[in-house]
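**Q** One letter stands for each residue in the lines below.
Number of protein chains: 2
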Amino acid sequence: MKLTILGCYAATPRTFTNPTSQVLEIKNRLFLIDCGEGTQVQLRKNKIKFSKINQIFISHLHGDHFFGLIGLISTFSLLNRNNDLHIYGPKGIKEIIKLQLRLSNSWPNFELHFHELENTESEVVYEDDKVLVKTIPLKHRIYTNGFLFQEKLDERKLNIAAVQEYEIERCYYQNIKNGKDILLDDGRLIPNNLLTFNPEKPKSYAFCSDTCYTETILPIIDKVDVLYHESTFLQSEETLAAKTMHTTAIQAATIAKRAQVTQLVLGHYSTRYDRIEVFKEEASTIFSNVLLADDGKTFEF
Amino acid sequence: MKLTILGCYAATPRTFTNPTSQVLEIKNRLFLIDCGEGTQVQLRKNKIKFSKINQIFISHLHGDHFFGLIGLISTFSLLNRNNDLHIYGPKGIKEIIKLQLRLSNSWPNFELHFHELENTESEVVYEDDKVLVKTIPLKHRIYTNGFLFQEKLDERKLNIAAVQEYEIERCYYQNIKNGKDILLDDGRLIPNNLLTFNPEKPKSYAFCSDTCYTETILPIIDKVDVLYHESTFLQSEETLAAKTMHTTAIQAATIAKRAQVTQLVLGHYSTRYDRIEVFKEEASTIFSNVLLADDGKTFEF
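Respectively, the protein sequence lines represent chains A and B.
Using the numbering used here, the letters of the first sequence map in sequence onto residues 1 to 301.
Using the numbering used here, the letters of the second sequence map in sequence onto residues 1 to 301.
To be clear, the hints were calculated from the coordinates, so they are not data collected in a lab.
Incorrect hints may have been included.
Distance condition first, Cα-Cα at most 25 Å in a straight line; then the derived SDA-like pairs of lysine to any residue [claimed, not checked]:
| hint | chain 1 | residue 1 | chain 2 | residue 2 |
| --- | --- | --- | --- | --- |
| 1 | B | Lys-139 | B | Lys-45 |
| 2 | A | Lys-98 | B | Leu-103 |
| 3 | A | Lys-47 | B | Val-124 |
| 4 | B | Lys-91 | A | Arg-141 |
| 5 | A | Lys-98 | B | Arg-102 |
| 6 | B | Lys-297 | A | Phe-16 |
| 7 | B | Lys-94 | A | Ile-97 |
| 8 | A | Lys-139 | B | Lys-134 |
| 9 | B | Lys-45 | B | Arg-102 |
| 10 | A | Lys-297 | B | Thr-15 |
| 11 | A | Lys-49 | B | Thr-15 |
| 12 | A | Lys-47 | B | Lys-98 |
| 13 | A | Lys-98 | B | Asp-222 |
| 14 | B | Lys-139 | B | Glu-155 |
| 15 | A | Lys-27 | A | Lys-139 |
| 16 | B | Lys-297 | B | Phe-16 |
| 17 | B | Lys-98 | A | Glu-155 |
| 18 | B | Lys-139 | B | Glu-121 |
| 19 | B | Lys-139 | A | Phe-16 |
Below, a sample of chain B positions facing chain A; criterion: calculated Cβ distance under 7 Å [as the list claims (entries may be wrong)]:
| hint | residue |
| --- | --- |
| 20 | Glu-37 |
| 21 | Gly-38 |
| 22 | Asn-46 |
| 23 | Lys-47 |
| 24 | Ser-51 |
| 25 | Leu-61 |
| 26 | Phe-67 |
| 27 | Ser-74 |
| 28 | Leu-78 |
| 29 | Asn-82 |
| 30 | Asn-83 |
| 31 | Leu-99 |
| 32 | Leu-101 |
| 33 | Pro-108 |
| 34 | Ile-142 |
| 35 | Lys-223 |
Computed from a predicted model, the values in this text were never measured in an experiment.
By construction, the Cβ of each residue, glycine as well, lies at the ideal position given by its N, Cα and C atoms.
Bound conformation, chain A alone:
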């Protein structure tokens, strides 16, 4: 699982900081999460192949999370993309994109599928044979979702030495990987655990931005491997955080601790602070395993 931060600062794009966007690579799929202005340039700078992005998840319709989407779609079109593109985001996103495509008379030459969200309960929005994506309903000034990306449990791993020892034919391998026991010709029943190893534990990543401190998300993000949680402010701006429905570093760490996650990644920093290390300093007083997102940074989990 590889996370590339394209942008992780709040409010407006600036000379050296970018609004929210990130790419999650999981089981050889690339998921784009949020798409602030300038995301397409950040994708180029980070050498991410445009054609590998087939799913885009938009948390909410504040500009710093989606103003780059129409430009990215237009560029996909100019690059003669063929693949279908799926966009998951709040109701209204389809109208915004289609209006601009209509007025510029430049309908893309690929299929554009909108999956508009309006449910306030967590729901599965994407699923294939390897990965499942659920919404994490957040509490912000407008309708907002985080997203939980879960790897599915792989099939069991064949113990090659064992299957050869029992002289089991190849045609039974898939059954074994699916967990079946095997009846040999001599009548012996070989239990599956002698023929296989456990698959790797599936990993999970939760993206939570933007939101105020809310414990309603705890059951959904319980024990995830990596939690990206917004921490727009420091504790000194706690009142402002509450008023604008954002989170402080201490609050993000509290959520990480209560959800018993393995790793917390902080982001969505207000640009009022000179250095982002202070976010880690404050969060670390509550939760030990804290990393700081920054534009262009990658994390492998």
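With chain A's structure known, arrange chain B on it following the hints.
**A** Below, chain B without anything else, positioned relative to chain A:
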């Protein structure tokens, strides 16, 4: 008159090139012309004060000319702008901007005035005591206007030595600057030309992008001081230029020559070419006074 090029490349923003946007400073006013994605970052990089921009002119609704507008408006709002903002652009631009402001529930705290254009004849769209702006109807794949910025003739300049010699009182100065002759107490009539100098010749700037080669614009841009004309392609791509309704460098130079402009500035380059100097080389075979726009470049006329 000072022109700052924020972006002058066609199609998509890239790591080192930006889509169309420029700032014209004329008579202490700042006019923003077009607003491709990333314009607000380019404004910051070029140290242009956001609060001094009160008029934005949008040529057409292709993304590389206006996808940065909604982000700029949002940033104005976050910066607690108070001044009214006037936007001049094709019909539909109001719907695009208002839809996004409504869905993000972030209506700005300043007045936003839309001046939607649909006339196919040149018309005056802005006028104050110093400056006049007219549309230049262009021929492109969708409804498009260039813009002609004209300084108005200043009042005449007082010849201080002369008015002192004739002992003329201060209360008559404004009449003299307005061109009036003066009757002295001793009965002598002093003609205005003895009391004043001619004002500076008013300057004019024509922005023409995007368009195919069209001579219909010649009467409107006749003898302007500076013509910015798109030259997306070189002559080797003449067929592609015609097909996409763009212009070659040679064609832009031909327009400059026929309109007898003083200075031609080329821009809106396709990124297919390694160096932009070739645009100047080709254009210079037709018209001698050619400058190349480039991102971050300023011109004082």
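**Q** Compare the structure with each hint and give your call.
**A** Hints, verified against the model:
{"no.": "1", "hint": "Lys-139(B) / Lys-45(B)", "verdict": "violated, 32 Å"}
{"no.": "2", "hint": "Lys-98(A) / Leu-103(B)", "verdict": "holds, 14 Å"}
{"no.": "3", "hint": "Lys-47(A) / Val-124(B)", "verdict": "violated, 46 Å"}
{"no.": "4", "hint": "Lys-91(B) / Arg-141(A)", "verdict": "violated, 31 Å"}
{"no.": "5", "hint": "Lys-98(A) / Arg-102(B)", "verdict": "holds, 16 Å"}
{"no.": "6", "hint": "Lys-297(B) / Phe-16(A)", "verdict": "holds, 20 Å"}
{"no.": "7", "hint": "Lys-94(B) / Ile-97(A)", "verdict": "holds, 15 Å"}
{"no.": "8", "hint": "Lys-139(A) / Lys-134(B)", "verdict": "violated, 48 Å"}
{"no.": "9", "hint": "Lys-45(B) / Arg-102(B)", "verdict": "violated, 30 Å"}
{"no.": "10", "hint": "Lys-297(A) / Thr-15(B)", "verdict": "holds, 17 Å"}
{"no.": "11", "hint": "Lys-49(A) / Thr-15(B)", "verdict": "holds, 14 Å"}
{"no.": "12", "hint": "Lys-47(A) / Lys-98(B)", "verdict": "violated, 34 Å"}
{"no.": "13", "hint": "Lys-98(A) / Asp-222(B)", "verdict": "violated, 39 Å"}
{"no.": "14", "hint": "Lys-139(B) / Glu-155(B)", "verdict": "violated, 37 Å"}
{"no.": "15", "hint": "Lys-27(A) / Lys-139(A)", "verdict": "violated, 30 Å"}
{"no.": "16", "hint": "Lys-297(B) / Phe-16(B)", "verdict": "holds, 14 Å"}
{"no.": "17", "hint": "Lys-98(B) / Glu-155(A)", "verdict": "violated, 51 Å"}
{"no.": "18", "hint": "Lys-139(B) / Glu-121(B)", "verdict": "holds, 12 Å"}
{"no.": "19", "hint": "Lys-139(B) / Phe-16(A)", "verdict": "violated, 38 Å"}
{"no.": "20", "hint": "Glu-37", "verdict": "holds, 4 Å"}
{"no.": "21", "hint": "Gly-38", "verdict": "holds, 5 Å"}
{"no.": "22", "hint": "Asn-46", "verdict": "violated, 10 Å"}
{"no.": "23", "hint": "Lys-47", "verdict": "violated, 10 Å"}
{"no.": "24", "hint": "Ser-51", "verdict": "violated, 15 Å"}
{"no.": "25", "hint": "Leu-61", "verdict": "holds, 5 Å"}
{"no.": "26", "hint": "Phe-67", "verdict": "holds, 5 Å"}
{"no.": "27", "hint": "Ser-74", "verdict": "holds, 4 Å"}
{"no.": "28", "hint": "Leu-78", "verdict": "holds, 6 Å"}
{"no.": "29", "hint": "Asn-82", "verdict": "violated, 18 Å"}
{"no.": "30", "hint": "Asn-83", "verdict": "violated, 18 Å"}
{"no.": "31", "hint": "Leu-99", "verdict": "holds, 6 Å"}
{"no.": "32", "hint": "Leu-101", "verdict": "violated, 9 Å"}
{"no.": "33", "hint": "Pro-108", "verdict": "violated, 12 Å"}
{"no.": "34", "hint": "Ile-142", "verdict": "holds, 5 Å"}
{"no.": "35", "hint": "Lys-223", "verdict": "violated, 34 Å"}
Checked against the numbered hints given earlier, this structure breaks hints 1, 3, 4, 8, 9, 12, 13, 14, 15, 17, 19, 22, 23, 24, 29, 30, 32, 33 and 35; the rest are met.
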